[in-house]
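Visitor: Take a look at the letters that make up each chain.
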Amino acid sequence: MSQKLLLSAKEIDIILHRLACQLIENHTHFEDTVLVGVQPRGIFLADRIKNILVKDYQLTELKMGYLDITFYRDDFRRGEKPLEANKTHIDFTVEDKRVVFIDDVLYTGRSIRSALTAIQSFGRPREIELLTLIDRRFSRHLPIQPNYRGRQVDAINQEKVKVHWLENGGEDAVYLISN
Amino acid sequence: MSELSVNHLLGIKYLKKEDINLIFETADHFKEVINRPIKKVPSLRDITIANLFFENSTRTRLSFELAEKRLSADVINFSAASSSVKKGETLIDTVNNILSMKVDMVVMRHPNPGAGVFLSKHVNASIVNAGDGAHEHPTQALLDSYSIREKLGEIQGKKVVIVGDILHSRVALSNIFALKLQGAEVKVCGPKTLIPKYIEKLGVTVETDLTKALQWCDVANMLRVQNERMEISYFPSTREYTQQFGVNKRLLDSLDKEIVIMHPGPINRGVEITSDVADSKQAIILDQVQNGVAVRMAVIYLLASKIKQ
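Those protein sequence lines, which keep their order, are chains A and B.
Residue numbering for the first sequence follows our numbering, starting at 1 and increasing by one per position.
Residue numbering for the second sequence follows our numbering, starting at 1 and increasing by one per position.
With the rest of the complex left out, here is chain A:
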């Protein structure tokens, strides 16, 4: 097994600030916008983006939640391992809101498909956008593309893209892992 560093901590920091600025460009004061981190791994990225928006741009009223998609996945009873659920924490309705999904890696698009269904339990959003740190190009199973992307990566199916976060017991880094 070999691993190659795709993004270092410094590069991630720069990208996060750029993504935050791109969000501000489109959402200005975020009055009608809610950020939704997709469980389990999107929540770290969502927290980081929120911190930047709050600390550097004083957007203190920003609403953010975590969405678990386990019960909406299309591979229930299909995999070898049982699906494990995570916490959903959304204490607001998304009715007529502009929702921004945040996830670390966009690969087949199936997770986001599930998230699109799941979020409807909380109301009918005006629009939904997608922010992702890594966009694995050419590997989509569904017609889903990000609105904001950190870095586009060409990886073959046998390779894995692993995102490490400081909060997750490591350091900020993105690796490409191949067998």
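Quick caveat, the hints were computed from the structure, so don't treat them as lab data.
Treat each hint with caution, since some may be false.
[As the list claims (entries may be wrong)] Here are the simulated DSS-like cross-link-like pairs (lysine-lysine), alpha carbons at most 25 Å apart as the crow flies: (1) B:LYS17 x A:LYS81; (2) A:LYS81 x B:LYS308; (3) B:LYS31 x A:LYS63; (4) B:LYS151 x B:LYS212; (5) B:LYS39 x A:LYS87.
Nothing here was measured: the structure is a model prediction, and the numbers come from that model.
Position chain B relative to chain A; hints supplied.
Guide: Only chain B this time, still in chain A's reference frame:
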């Protein structure tokens, strides 16, 4: 652990502590789901569940049906009163006929103890016991424990007294198994005639003085007197039963601590508990009902995840 150790829920007796933990963790997620504006998830859209009720039930049946529908399963209902069972069909024939319509899971209530175990050995479907005679009622015990955990934080080390008709109660037996498995201390309290002999072998203690039992406990689970299961008289009169084993507000207020009052329903108001107790803040009876849906969703979801494609 992310998978149950069993393929059927026949009784608490067959579960491990880790199974109960997994059911509760999953139920936590479903409790959040059923409090959303849209309370439904699509997980079980390719699963069909038959609810077979050979005995009367209102809340258990509604609770199961709602849990199944919240998970998007297809549901068919059957009650013995309107079935061919009355025409002499055997249980296995009845169930196999239903299963030939491509049913994946059977939720069954039956007057005979062991009916679920029997069925699980003879038919090809996942079986959930919704009460078998005076034997077990596992989902009730799970939702009772879940409600205690929600109210008091944990079950380990808590003192629970089960009051009333222990002899005829499947709720009592399942609760004893569930509470002991999770490290609670359990006492049973009731007229001697309604306490089975040798019940101490299950690791519980017996108390016939209700006041002493209530002084001792953190939680009192008040059972209904099951007149329909009594062929002989077990106590002189309902009035005398109420005087000795009924909980009223005065008795609760006389205790030096605030205990939690539970009841699996249906309540006979004025018999095992008075209305002011049933409607007091100490009673978590309606929480039990709400938790019942979440716990049953968890059980069905976890069992369904083990059904092969």
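Visitor: Give a verdict on every hint.
Guide: Hints, verified against the model:
Distance check on the hinted pair: B:LYS17 and A:LYS81 sit about 21 Å apart at the alpha-carbon level, within 25 Å; holds. For the given pair, A:LYS81 sits about 12 Å from B:LYS308 by alpha-carbon distance, which is consistent with the 25 Å threshold. Pair hint B:LYS31 plus A:LYS63 holds up; C-alpha atoms about 23 Å apart against a cutoff of 25 Å. For the hint linking B:LYS151 to B:LYS212, the alpha-carbon distance of about 23 Å falls within 25 Å, and the restraint holds.
Of the supplied pair hints, the one linking B:LYS39 and A:LYS87 holds, its CA atoms being roughly 16 Å apart against a limit of 25 Å.
Checked against the numbered hints above, the structure violates none of them.
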